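Build the full structure now, drawing on both the sequences and the hints.
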Amino acid sequence: MTLTLILLLPFLGSVCAALLPANARNAEAWLAGAVALAATALVASLYPQVAAAGVLRMTLPWAPALGLDFSLRMDGFAWLFALLVTGMGTLVVVYARYYMSPADPVPRFFSFFLAFMGAMLGIVLSGNLIQLAMFWELTSLASFMLIAYWHHRADARQGARMALVVTGAGGLALLGGALLLGHMAGGYDLDTVLAARDAIQAHSWYPLALGLIALGALTKSAQFPFHFWLPHAMAAPTPVSAYLHSATMVKAGVFLLARLWPVLAGTDAWFWIIGGAGLCTLVIAGYLANFQQDMKGVLAYSTISHLGLITLLLGMNSPLALIAAVFHIFNHATFKASLFMAAGIVDHETGTRNLRRLSGLYRAMPITATLAMVAAAAMAGVPLLNGFLSKEMFFAETVFLERPDWQRIVLPLAATLAGMFSVAYSLRFIHQVFFGPRAQDLPREPHDPTRWMLLPSGLLVAACVLVGIFPELTVGPFLRAATDAILGAEAPAYSLAVWHGLNLPLAMSASAMAGGAVLYRVFLRRSRETVPLLGHLDGKRMFDRLQVALPARAAQLIERLSPPRLQMQLLALVGVALAGALLPVLTHGLSWGTRPTTPADPAFVLLWLIGGVCALAVAWQAKYHRFAALIFSGGAGLATSLTFVWLSAPDLALTQLAVEVVTAVLILLGLRWLPRRDARYARSRAASTRLRRLRDALLAAAAGLGLAGVAYAVLSRPAVDGISPFFIEQALPQGGGLNVVNVILVDFRGFDTFGEITVLGIVALTVFALLRRFRPAPESVPLPHQQREQDGPAAEAGVDPAATLPAGYLALPAVLVRLLLPLAMMVSLFFLLRGHNAPGGGFVGGLILATALLLQYIVGGTLWVESQLRIHPLSWMALGLFSAAAAGLGAWLTDAPFLTSLAWHGELPLLGELHLSSVLLFDLGVYLLVVGATVLMLIAIAHQSLRAHHRKPAGGAA
Amino acid sequence: MEIVLALAIGTLAGSGIYLLLRPRTFQVIMGLSLLGYAVNLFIFGMGRLRTGAPPVIDAARGSDPSLYADPLPQALVLTAIVIGFATTALFLVVLLASRGLSGTDHVDGRESEKP
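Residue numbers (this note's numbering), protein chains in the order written: chain A, 107 to 1064; chain B, 218 to 332.
Simulated from the structure, these hints should not be mistaken for lab results. Remember, it's a predicted structure, so these values are computed and weren't measured experimentally. It is possible that part of the hints are untrue.
[Said to hold, decoys possible] Looking from chain A toward chain B, a few residues come up when the C-beta cut is under 10 Å (computed):
#  : residue
1  : G372
2  : D374
3  : Q673
4  : A706
5  : D707
6  : L753
7  : L772
8  : D827
9  : F833
10 : L844
11 : V865
12 : A883
13 : P888
14 : L889
15 : Q892
16 : L953
The beta-carbon is built from N, C-alpha and C at its ideal position, and this holds for glycine as well.
Structure representation (structure tokens):
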């Protein structure tokens, strides 16, 4: 329970923070502070349980069918990390309250800040790999929003985008790795995975899974060669840099490596991938940090370098190195966050972070300077501070590593070199900012900030000192709990002491100190414009190039692979489909079955003689005689509809007939906007055109023949027993209806139908939206000459909306059509209501009503009809979707799954025996939506001629 | 009966595919419509052909599956008919918009160089 609360608190806080007014700075800070503090207290209160029980678990079913649970799991390691996340969060909130300027929109800041905290706790506490990957991506998103917090700045936007692309891509790789890992281990549960070390390492997918997970972890922890995003993420407000980009989020990568260490580590591949990346990062980033001119830049590169150190330790395949890594994760968080806070304070007080301009600030801000100095000393690894302890452990590990000879020499050397760099940039950071002559031309007059702003930094520095002097008393038990949780029974004994005697690691430390001081004194006093040796190693430039090159290459590839012309694409499509169908026919042959065929009725043959001629006529006439083609197509549709009647499908016949009418009207409305095309003006037919037609005709004939052959092959074979008998047998007992097709649609497969009417609604809205921006071709704007001839002067006079009947020769039909409307409504309702037991249903009923409404439009004219009758198709659609959804949701009242039908059968006074079912409500929804969508589409097209008329005078005046 | 229906499907599909490959948008929309008929009939045919046996249960005859035509393809085709109408409408509007924007009713939005 407490675990859930720890995870939920930040997210709830995030929602609350987002809802507060923009100027509520204090309220925001109190809210965020309270949430973070409460979470910290909750985490801290769990320690006795974690120490006693080892692992705390909380599981909720998530997707049981996939074997996935939403599970939270806290062991010693997760506890320590959760404490880091929440505790550091509390301190940074206090700091941020004073750092953020009154002009900044703080609700956004604190809302994303808390959301990030929740997501990070999600990673730490996840008891399952998929869930971990999900929270992982969530932290990337929160980081994106926070880096781009000052989104008016181009560098912030760019930095945010880069961070998102790199870490997001890494997250995707991680998900792939997690899926592989789960598959190899036989489950995504962390406990299952952690127990499956041998199975995983013996599996042939192990290298792939390792590579993917390494990709995820190394991008997140900004390891070489993916390190370049972190310096650009420094465009974020400093509290974000302190919290996300030094203490927590970038630690997610090393957290994951440590978490999966028992499963993945111990192989050569792990050593080279993880250790190699760590070593390169450690040295290269340490070197680059010496040439940064921005205070936060120095800290960013030093963060990368320290993360490299941790990664290297994890990659060494030694339990003691793992312990050092975990220890360093926490040490680094304390001193680096406090250094970031100091950098933020300097920026806040002086207005600049440029090392060239800053100088001699010690006198102006002594407290800040002292705190920064102690923290920097911890970063450099000065004895009696926490950084020294973990660095000493690191040096010891490099010396005692069991590897072939040359690696035993290279590693300690590289470690000492990195130590020297670390000392040099720490010295440079402190010396340039706080010592030397006092800077004169600073944007603001510096002084120490308010005590509350110094407090978080002060607490962190105090932690550095305390841990540095009394390691065993302060962090000893917690560290042991954490590392025992990872290593289990094989955890080695170790001692956290300041003094281990005179040994090789101490000598390495001393030489790093001396070397670093010399390095700074001799080479780095003068600031340089460029980075010597590694100046060309610009990750950002490579990233930018890649960003430009990838879409360009993709465009080239598409251009090569796909022809720009639609006809060619369709030709290829049909050709490939035909070839695909032909292949099995050629290898296995196409034979007819033995099912006795139904004797052909002469009327049926005649029907399809006409239908076939109609189809061919459409193909013949569609180019020059669109109207004729449309009529012929209607003929083919009619033949189809009659076939359905003939072959025992009354529902289909009704629907086909209604759709036929509506489609014909729809296309008729569209015809007006198409260009004139007259055979008399056709250009002379070139041989190539004829050849192309012949080719298409042959292909079409082949496809048609093939389809006919396949159809006959199936039709002449006996039917296979599928799931159809179930529907017929259960329609009455389970569905309560006699019309099996309707029962399938509204009951058994109701969810499909629900999806389908949603699609219908979406299409109608799309049509409506597309037509809002419709621009007809200029020559189609005036009234067609037929209309002008027919209406004569009346066409120009316009319509009198107040008239009882439309003027002109259509007055009489208009009377009839108006009388027809209530009748049609009744018929459509009749079809809707009887649908469950006899042919009919919502689709047919809806189409009938829509047709009746359209008839009003056709006969009366748009203007006149709309002056008499307002139809709100959008409301009909909304109502339809709501009733269908309500019918589905109603099932939840009785604890049944969505769309289970509920029925009531009984006797009512006066009305007599009555059968009510939620299925009827569902079908009513279908009915309403079909009416709404159909009418919306047709009216939207019909309205275009009106708009064109309205536009005409305006165009003429202009 | 079967052979007639199979030939009907073939004719509809052949005409539809021929039109699908034509350059004018109206031809394509007609082609899709014909192809729609063919495919609907084809799917419907998968339930085999029965006359006088609509899948509406007759209380007197009971619910023996062998007495009725296969309802499943019918349910599939019913939704296909409605969705087919929706796509025709959408395609028509895209066609009109393309004609308005590009000034031609060629499927590529511009007249091809070759006649």
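Each hint, compared with the structure:
1. G372: It is violated, given that the least Cβ distance between G372 (chain A) and chain B is near 55 Å, above 10 Å.
2. D374: violated, 56 Å
3. Q673: This interface hint holds because 6 Å falls under the 10 Å limit.
4. A706: Cβ of A706 (chain A) sits 5 Å from chain B, so the hint holds.
5. D707: Since the shortest Cβ distance to chain B is 7 Å, the answer is holds.
6. L753: holds, 5 Å
7. L772: This interface hint holds because 6 Å falls under the 10 Å limit.
8. D827: holds, 9 Å
9. F833: Constraint on F833 (chain A) satisfied, holds at 6 Å.
10. L844: Nearest chain B Cβ about 4 Å off; hint holds.
11. V865: Status holds, d = 7 Å.
12. A883: Interface hint status for A883 (chain A): holds (6 Å vs cutoff 10 Å).
13. P888: violated, 15 Å
14. L889: violated, 17 Å
15. Q892: violated, 18 Å
16. L953: Hint holds; L953 (chain A) Cβ to chain B Cβ min 8 Å, cut 10 Å.
Figure legend: structure checked against the earlier numbered hints; hints not met, in rising order: 1, 2, 13, 14 and 15.
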